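Letter by letter, the chains look like this.
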Amino acid sequence: MATNGTPASPAGTAPRIAVRDLTMAFGSFVLMRDLTFTVQSRDIFIIMGGSGCGKSTLLRHLIGLIEPAKGDIAYDGHSFTRASSLEREQTLRRLGILYQSGALFSSMTLAENVGLPLGEFTRLTAAEVREVAALKLALVGLKGFEDFYPSQISGGMQKRAGLARAMALDPDILFFDEPSAGLDPISSRLLDELILELRDSLGATIVVVTHELASIFAIGNNCIFLDVDSRTAIAHGDPKALRDHSDQPAVRRFLRRGAEETEAPPHG
Amino acid sequence: MPAAEFALARPTTDRLVVQLGGPWTMSGGIPDAAPLEQALGSGAPPRTIGFEAAGLGEWDSALLIFLTRLAELSGTRGVTVDRSGLPEGVQRLLSLAEAVPERQGARGGGGAPPFLARVGLAAQSAAATAGEFVSFLGLLAIAFAALARRRARFRWSDLLLFIQQAGADALPIVTLIAFLVGVIMAFVGAIQLQKFGAAIFIADLVGIAVVREMGALMTGIVMAGRTGAAFAAQLGTMKVTQEIDALTTMGIDPLEFLVLPRALALMLMMPLLALYANLIGVIGGAVIAAGMLDIGPQIYFRELVRAVSLTDLLGGVFKASVYGVLIAIAGCLRGMQSGSSASAVGDAATSAVVTGIVLIVCACGLFAVLFYVLGI
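Which chain is which? The protein sequence lines are H and X, in order. Using our numbering, you'd call the opening residue of the first sequence number 1 and step up by one each time. Using our numbering, you'd call the opening residue of the second sequence number 269 and step up by one each time.
Isolated chain H, as found in the complex (with noise of 0.2 Å):
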């Protein structure tokens, strides 16, 4: 069911992710102010705009890398930004995240990274934690790279492994900072296809930082488009339905990199 990105949700559920009024801001600098939108359960939902506007400032926001100038963030109903920090911690288990580089730690093998969740988190024997670690490092095509560095592998590879380690936990959130960011189109198109796929398999909720139109309309179904002239976000919901019928021209402009309207919306 794809949500159409209006802030109200189906009632007596809450969102996955309610975000109100959230202000990003350095010191006196305003990065982007009165941000609200929620994204719904086993929605994909994109993050985009130009380029420093702030994307990836407002991941590091939805996770809790950077405080709130103003407002809220709530995962479930629960509000994340007012939560204690054993709260806060608890919820974080549920998120996984996969950074741009990958953010693999360098000193230990794929398998103990992806272990590492495993081992703090889980009443699992080292054994079985390398079991699952094995699972998950097949699950993103990576299987007998388990004893390898990071530094021994490609950077599509450390990404896949990233993401094998977002999915340590099997969370109920996906994460994904630029994920096609330095990757060839196929390998962008099968990390793609990967992410319908946990969507869909794991019933996970994923928000993507992106700006790839390819994987925009590809996969997402609710977006928020974070304008930098006006520090706000201009355009909310379905990425191919604001490509055609958006009220906001730098939105169509974007979603059609920059082509004017002379050209025929395809409809359908």
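Please note that the accuracy of each hint is not assured.
[Stated by the list, open to error] Reference listing, derived: stretches of chain H covered by chain X, where coverage requires no fewer than 3 residues with Cβ under 8 Å from a Cβ of chain X:
| no. | stretch |
| --- | --- |
| 1 | 89–99 |
| 2 | 104–111 |
| 3 | 129–143 |
| 4 | 246–254 |
[Unchecked claim] Residues from chain X shown here face chain H by an in silico Cβ test under 8 Å; the list is partial:
| no. | residue |
| --- | --- |
| 5 | Asp350 |
| 6 | Ser352 |
| 7 | Arg421 |
| 8 | Gln432 |
| 9 | Gly435 |
| 10 | Gln460 |
| 11 | Thr509 |
| 12 | Asp513 |
| 13 | Met518 |
| 14 | Gly519 |
| 15 | Ile520 |
These aren't lab readings, by the way, just hints derived from the structure by calculation. Given the structure is predicted, the values throughout are model-derived calculations rather than measurements. Just so it is clear, CB atoms sit at the ideal spot from N, CA and C, and this is done for glycine as well.
Let chain H serve as the given structure and place chain X on it in line with the hints.
Chain X in isolation, oriented as in the chain H frame:
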């Protein structure tokens, strides 16, 4: 080699034509726009400027720079520039450069602040640094408390690795420095003591100086440069590659996982290294005693044991463990504070060494006073 040139023509009073000729390349230099400025500033300035490019050879950014200057000159005087006479490529590049208007406030700085403001800013940043140091110390204490309750999350294999790096791997350089310090002190002392015929006191001099002060101090300085810098660089790089973010969002405190084993390794290894440095320093003294003063090793060591008390030794070792804590804090703090770029990691490593050495020397002075007051 022909140079870039231009001539001015005035077909009508309202129109000035710039005739461009020769190759306009950056290697040939950019001609002076002064004649043009004169023509524009003369009694009857033209309304428009046009171009003739028939004689123009090859051109690159040099021509664009000249035209930009011209545009500025004419813009301030309200003269319109008609670019139709220029080659098409030049016209396109110029409109490309003008496509996006200059962003207000994009030009940084605005000059250095005045002297008083700089003093104030420096004082503020010094106060902030002190605050950061104290709060880091507090966080580290909490991490150690978690360690005592066996709830700290870190890998024991990491600890063993750091113990090797901060311990056994440091032995060669500590050997060299400690030996030379012993030799230098014995050498300086020997010349003075010989004058009084009190050569045997060379053992007292070297022994007390090395065991009480220099062993711990020199080991501390070597380790600040060696291990403190390494810690800062490691943690700074982890910041760049977002490894620290990944730990935080995994619910693992980077302070426990990364800083604790490093600090612990250095605290455990520094006293041992200082003991080793004491031994090597004393041996350095013995070499000079035997070589310059004809005092045999047996006599030297008998005098040494008589002169140096256990309190001296324990005092030195205690200082060394404090220096170890200071080096670990300086290295890890600077690493965790590092920015997210290659140069920021370099700055973090430099700053870790400087902070570490300053702290060690300050602590050394403090200990000297304290031990004197306590009569140790």
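Hint check results:
Closer than 8 Å: that is the beta-carbon criterion, and the stretch 89–99 of chain H has 6 residues meeting it against chain X, so the requirement of 3 holds. Only residues whose beta carbon comes within less than 8 Å of a beta carbon in chain X count, and the stretch 104–111 of chain H has 4; three or more means the coverage holds. Coverage of the stretch 129–143 of chain H by chain X is violated. Counting CB-CB distances below 8 Å, 0 residues qualify, and the rule asks for three or more. Under the rule that three or more residues need a Cβ within less than 8 Å of chain X, the assignment of the stretch 246–254 of chain H is violated, with 0 such residues.
For the restraint placing aspartate 350 (chain X) at the interface with chain H, the shortest Cβ-Cβ distance is roughly 28 Å, beyond the 8 Å limit, so the hint is violated. Below 8 Å, beta-carbon pairs count as interface contacts, and serine 352 (chain X) has none with chain H, the closest being about 26 Å; its hint is therefore violated. For arginine 421 (chain X), the shortest C-beta to C-beta distance to chain H is roughly 6 Å, which falls under 8 Å, so the interface hint holds. Annotation: interface hint on glutamine 432 (chain X) violated; nearest CB of chain H at approximately 13 Å, more than 8 Å.
Among the interface hints, the one on glycine 435 (chain X) is violated; its C-beta lies about 18 Å from the nearest C-beta in chain H, farther than the 8 Å criterion. For glutamine 460 (chain X), the interface hint is violated, since its Cβ never comes within 8 Å of a Cβ in chain H; the closest pair sits about 51 Å apart. Interface hint status for threonine 509 (chain X): upheld, as the beta-carbon distance to the closest one in chain H is roughly 5 Å, under 8 Å. With a least beta-carbon distance of about 6 Å to chain H, the hint placing aspartate 513 (chain X) at the interface is held under the 8 Å criterion.
Below 8 Å, beta-carbon pairs count as interface contacts, and methionine 518 (chain X) has one with chain H at about 5 Å; its hint therefore holds. The beta carbon of glycine 519 (chain X) comes within 5 Å of a beta carbon in chain H, closer than 8 Å, and the hint placing it at the interface holds. Taken as an interface hint, isoleucine 520 (chain X) checks out: its beta carbon lies about 6 Å from the nearest beta carbon of chain H, inside 8 Å.
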